[in-house]
Amino acid sequence: MIRISKVLSLSLACSTVALLAAGCGNSTTSNQASANHSKVTVTVWSWTPVSSTMNAIVAKIEQKYPNIHIQTNIEPNSDYLIALKSAAASGSLPDIIGLSAGSVTQEYRPDLQPLNTIAQKLWGPGWKQDFPSAALSQAMLGNPAGNTSTYMLPQEVEVINIWYNRQIFQQLHLTPPTSFAQLASDAHAIQKAGYIGFYEGAAQSDFVQWMYMQIAAQTDLRGLEASARGVPEWTQPGMIKAANYWKDFFTDGVFQAGALGDQQYPTGANLFAAGRVGMMSLGSWWLQESQMSTSPQGLKTMQDYGTFFLPPMAPGLKATPPMGGVDFGWGMTQNSAKSLAVQKATEEVFKQLISGVGEQTSLNQMNDLPAFKGMTPTISLNSHILSLYHNYLAEIQVAHNHEIGNPTVAQALVSNLQSVAAGTESAAAAMQAVQKIAVAQENS
Amino acid sequence: MQATPYGHGTKWRGWIYAGPSLILFALFMVFPIVENVVDSLYRNGVPGLTLFNYRAMLHDVTFGIALKNSLLWLVLTTVVQMAIGFFVAVLLESRIRWGRGLYRTLLFLPMAITPTVIAIVFSNIYAPDYGLLFGVFKLLGIASRFPALLASARTVTYAIIVVNVWQWIGFYVLMYSVGIANISPEVLDAAKVDGVVGWRRIWYIISPMVRSTHMSLMILGAIQALQQFPLIYLMTEGGPANSSQVLGSYIFQTGFLESNMNYASAVSIVLLVLALIVAGVQLLVTRGNFAIGGGTRS
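Protein chains in written order, with our numbering: chain F, 1 to 444; chain B, 1001 to 1298.
Bound conformation, chain F alone (with noise of 0.2 Å):
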């Protein structure tokens, strides 16, 4: 009841009735077992994958299984979170929702059920084998202490690094950067040029993040990853230097002017895409641009593009180590295993999505890296492509942590780095404010 009124309440009584309210509207439809014709309904809820991929997601799962059908809603990410908020609140979550990993994860954790049991059904007892050890150590990001059970399962995998535009490297006569002074030294160039050397969409918080995360793998790995998982080391001098490097792309003019009110997405994605941008940082997703109908050629072949790891910052620190973990994934909640058979269908579907025919479909469309190791896309795509696709996944087996597990230190995270970046805090003043909410969240 009070879960009921925590969202209800703060969805209507004030003024952000109309936004909160259009979210909660969405009509959950019955997570039992409709036995309409002897057909069982699972509903799937998602921000991602994009509507026309789920939707041919689904018609492959429901060609395999004719005596399923499933109910989809994907919507833009803000929405689904209100949306799932208001369901979990009413208890008419769907079967399957799409997860990130840590605290989207850990807030319906009391909704979702322990999916190690089920894992070890569909996939055997070494299923644990089968993912990537730091994706399934996200997908526990924030359990806690003595809770092994995982609540989710990734479908898909990413890694972060910097992408860059080879054509106009190539124009200009510049190689990929080995150093964080060849890095500048190629963007001045770029922007010389009239192309703009290094995008950074600052506005948007897990860009920011990401980019901090990157420069403080050089810095200090070990505190990163403690802090990251909550045991916070945010005031570590590795991690002050690391917020310092940061502020060094905004005043040695490697990020573009005005970054910090700039959008990754859309705007710098695009301005890439369209050959605008000398360097970005991106990671595996952009594969997926390379099946995208509207892409230029040189997109769609990827010939144009390439990657590399952020270079040493400085003498003696070593290029960013891989870094990644999970895209997406999906939980399977309570209301699924109300019903046998409902609960018997949501497995089937829940084994297609991550390594089925469901998987092979994202996939087929490069949507990201499959979490499920040995699948491999079935479409023609050129030694390039492969190459970039391989070396991914090759990374992605030893890539290090990239979330935050907290969202409210992730939150404070990018706005102290923003205030880093715009000159009105100092590096050092701004990672004690992250210690100082880390610590108290530790202790709340």
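The set of hints was computed from the structure by calculation and includes no laboratory data. Keep in mind that a hint or two might mislead.
As the list claims (entries may be wrong) - Okay, derived cross-link-like pairs now, BS3-like style, lysine-lysine, Cα gap no bigger than 27 Å in a straight line:
hint : chain 1 : residue 1 : chain 2 : residue 2
1    : F       : Lys344    : F       : Lys128
2    : F       : Lys192    : B       : Lys1068
3    : B       : Lys1138   : F       : Lys436
Unchecked claim - Pulled a few chain F residues facing chain B out of the computed Cβ check, cut under 10 Å:
hint : residue
4    : Ser185
5    : Gln256
6    : Asn416
Unchecked claim - Just so you have them, the derived chain F footprint on chain B, three or more residues with Cβ under 8 Å:
hint : segment
7    : 1063-1075
8    : 1149-1159
9    : 1167-1176
10   : 1196-1207
11   : 1237-1247
Note that CB positions come from ideal geometry on N, CA and C, so glycine has one too.
Let chain F serve as the given structure and place chain B on it in line with the hints.
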């Protein structure tokens, strides 16, 4: 049945007619507000009633910024939209002889565009290096003076308010146009005969005659300003460093991104109180004299 001045049973009949609406009102308005107040008195994940969230707000810098920005939005958007809307409407009604409908439609068009599209378009217009506005500065030879409007804490809120004004101005023009069209021609002719023309005609005749429209738009503008969320979220996510945060966006951040629904409830109660104060003051000032589209109804 008890007799009323209007006949037997009228009192009960009134309750029966009003009942369904009252039930819905209680269910969807009163209940959530009460529950929201109760939720705001819990600390996230901790049992027991407490004023923790309200006390925390006093030390929450971001809440302070959000409150200040919400008030800024309230004053600026309402005043600017009303002023521009009124004068454009006067211009349309008194100076434009042909194509008046076309102008109205063109001005109204931005309202039909989704905030997502508007946010993308204006982010590009404002962008340094490649934006439209930058292009104008470049043409004028003052590119080096171009301000990164969305990247600076000093300008970001104003930059988004401009976008909001652009989107809503057509609505204000339309409302004022209807109000001005409802003014009796005899009144305007009489003023003309008495030599009240130009600015004096606008100030002493037209403006008082559309007083009810002023009041209506003031209330609508205030509500719309306090509701603001999509443009801010889409253009800056409340940044940089929370500098463009308003109460609406902060509720979303704390409640849905940071999963602290109790704190978000407390912030929403502050927003509700703020809205009630604004509405109360306006009702006091106007004594309930307002109408959509002008007229002289009291």
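Hint numbers the structure violates, sorted upward?
Hints 2, 3, 4, 7, 9 and 10 are the ones this structure does not satisfy, whereas the remaining hints hold.
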